[in-house]
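Build the full structure now, drawing on both the sequences and the hints.
Residue numbers (our numbering): 528 to 755.
If you are wondering where the hints come from, they were derived from the structure by calculation, not from laboratory data.
A hint or two may mislead.
Unchecked claim - Quick list of simulated restraints, FRET-style, between CB atoms: (1) D679 x G715: 31 to 39 Å; (2) E652 x T732: 31 to 39 Å; (3) K626 x S587: 24 to 32 Å; (4) F669 x G715: 40 to 48 Å; (5) K533 x V691: 48 to 56 Å.
What the hints assert, rightly or not - With a Cα cut of at most 30 Å, we get these calculated DSS-like pairs of lysine-lysine: (6) K633 x K649; (7) K645 x K621; (8) K722 x K735; (9) K589 x K626; (10) K722 x K621; (11) K645 x K630; (12) K722 x K566; (13) K554 x K533; (14) K722 x K645; (15) K645 x K626; (16) K735 x K566; (17) K630 x K722; (18) K633 x K621; (19) K630 x K589; (20) K626 x K735; (21) K630 x K649; (22) K633 x K645; (23) K649 x K626; (24) K589 x K645; (25) K543 x K533; (26) K722 x K626; (27) K722 x K633; (28) K566 x K633; (29) K649 x K589; (30) K735 x K633; (31) K630 x K566; (32) K543 x K554; (33) K735 x K630; (34) K649 x K621; (35) K589 x K621.
Ideal Cβ positions, reconstructed from N, Cα and C, are used throughout, including at glycine.
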Amino acid sequence: YLSALKGVALEAWTMKQIDTDSFQHIKQVRSVRGSRLPKGRALERHEIRSLFFTCESDSSAKGLRDAAILGVLLGCGLRRSEIVALDMGSMIYKDRALKVLGKGNKERMAYVPGGAWKRLDKWVEEVRGTHEGPLFPRIRRFDDVTGERMSDQAIYHILETRRVEAGLEMFAPHDLRRTFASSMLDNGEDIVTVKDAMGHSSIATTQKYDRRGDERLKRASQRLDIAD
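Structure representation (structure tokens):
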């Protein structure tokens, strides 16, 4: 709308219907940039527990695999493309870490929390084995664990299936990455550490993943309480 009004003003000035000062004032008017609430959300603790319960109640090979995938997504904040690119050789046992190939062909170390590592180790020891190939391969019917690498879309399908089984509200796969970032910040980790853990090149990008909402402001106010 503003550009249209400026066009009308230019036409009026050309036809000498307004003076030069008025035209210059109109030209200098800038549009007001609004702001919107960020997309996506962080999962609640009870939702995370429900997802793990659903996976671990499944006695098939997929149950162990999906629990391990969920643990790595939530515990390391990996992208879908990063988790399907993991190989058996990506596991660094001595550091309890994963070597991740991220955007821009950049490698980073993702250190795996205790609970997630236990699920990952259980998947490898009881089902997958330590042979070369994708860390999380495709599993066909009747627990046929293949050597085929899964696609990004397969991760979406796994999470959606488990979400429905757990009876949870809609969430996107990227919301697990938002959950990771919000949890790290909530635990008091500095923004630079979170940026590096997520494989971001900019702190501004990392800030967009913060979904702690007003609760963090309430806690900050309570900690300050300078009038007490």
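(request) State the violated hints by number, sorted upward, taking the hints as numbered earlier in the document. (result) Of the numbered hints given earlier, the structure breaks none, since each of them holds.
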